[in-house]
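Student: Heads up: the sequence lines are chains A and B, in that order. Converting from the first sequence to my numbering requires adding 1 to each position, the first position being numbered 1. Converting from the second sequence to my numbering requires adding 7 to each position, the first position being numbered 1.
Just so you know, these hints were derived from the structure itself, not from any lab. Certain hints may be false.
[What the hints assert, rightly or not] So, partial list: chain A residues that the calculated Cβ filter (under 7 Å) puts toward chain B: (1) F111; (2) W114; (3) Q115; (4) N166; (5) A199; (6) S208; (7) H209; (8) S233; (9) A235; (10) G240; (11) A241.
[Stated by the list, open to error] In silico SDA-like links for lysine to any residue, alpha-carbon gap of 25 Å or less: (12) K239(A) <-> L105(B); (13) K239(A) <-> L113(B); (14) K239(A) <-> I14(B); (15) K239(A) <-> W15(B); (16) K239(A) <-> L48(B); (17) K239(A) <-> L102(B); (18) K239(A) <-> H30(B).
[As the list claims (entries may be wrong)] Far from chain B, some chain A residues (derived; all Cβ distances over 12 Å): (19) F54; (20) G87; (21) E95; (22) A108; (23) R141; (24) T162; (25) D168; (26) S198; (27) S200; (28) G202; (29) H204; (30) A205; (31) T219; (32) A234; (33) A236; (34) L238.
Just so it is clear, CB atoms sit at the ideal spot from N, CA and C, and this is done for glycine as well.
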Amino acid sequence: MSEPISELSVSLWRGAREGRYETYSVPRRASQTVLDVVTFVQRHLDPTLSYRFACRVGVCGSCAMTVNGRPRWTCRTHVEKVAADGRLEIGPLENMPVIKDLATDMAEFFQKWQRAKGVFAPSQTRHDPIAQIRPDTPARAAADAAIECINCGVCYAGCDTVRWNADYLGPAALTRAWTLVNDARDAGNRARLQAISASGGCHACHSHQSCQELCPQTLNPTAAIAGLKRRSAAAYLKGAIEP
Amino acid sequence: MNVRLYIWQRATAALMVPLVLGHIAVIFYATGQNLTAADILSRTHGSVLWASYYGLFVAAASIHASIGVRNVLAEWSPLSDRGAGLSAIALGLLLAALGFHAVVALVLM
């Protein structure tokens, strides 16, 4: 561990819906991440600080917060890239209720995955032969392009449509639905297209593309949602689904 | 916005693309030829073609605009989804009434 090279001025949200930003001084270190900063405050300055993390390597999707006004995965966000002036303002993700400090209630976020039928619906049993999936088919390529979502909620927190329309399923849930719509093994597409075609579904998206810009996995949820719009419109025109 | 409203809004938008271009062409023609209102009305009077053209335009614009305004009201106003829908229907009917009144004046006066 290198020696501290300076002090960071770090403002952290304290409280729930009502609260305030409190400022702490944190030693600046080489290769320091925003999660390192929050962890330093909790371990050395104020043990009552609440936040959420698990893997620390960008896999689990637990540690997303609002960093200097922008939702980010904090474990993979280096201080030098977001706080050149040595100042950090770190708050909870937006568009989700705050439980305490930097920890948000993600229940609705995940309930929307259920509403979007983001659960694999098997078409075969364990007694059937393993399905042969060619990776170079257009459908599999579309599914693969969207499948690396880590459920961090960054796209959901940065989505204008979620902010304006609490019923909107959001980019993450719809991206998950898109991977399953393109999964040749899945048997739940009629119910899934029905679900994402209702009010609050994919057609509510304004294509602002904030999700694409903010996604730490560099996925393109806007493209996935556009694909869902096409598929559901075709299904509706064929009479396969009702809005 | 559900899939039904989405398709109606996109379909009316697609329909209006050639209608808008035709309308602009008519404006350029009328101004280029120095046509007066009386000249224009004398040409459109009793014309089923112009009645159909602008009647279709009014219908498409009324549907398209009311769906768009419904979205704006649902997202940006305190109205409920039902309230936004009813307000948008009222706006669509108003636009259609005004538009068809103008079309009737165009071909019957």
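Student: If you check each hint against the structure, which ones fail?
Tutor: 1, 2, 3, 6, 7, 9, 10, 11, 12, 13, 16, 17, 18, 24, 25, 26, 27, 28, 29, 30, 32, 33 and 34
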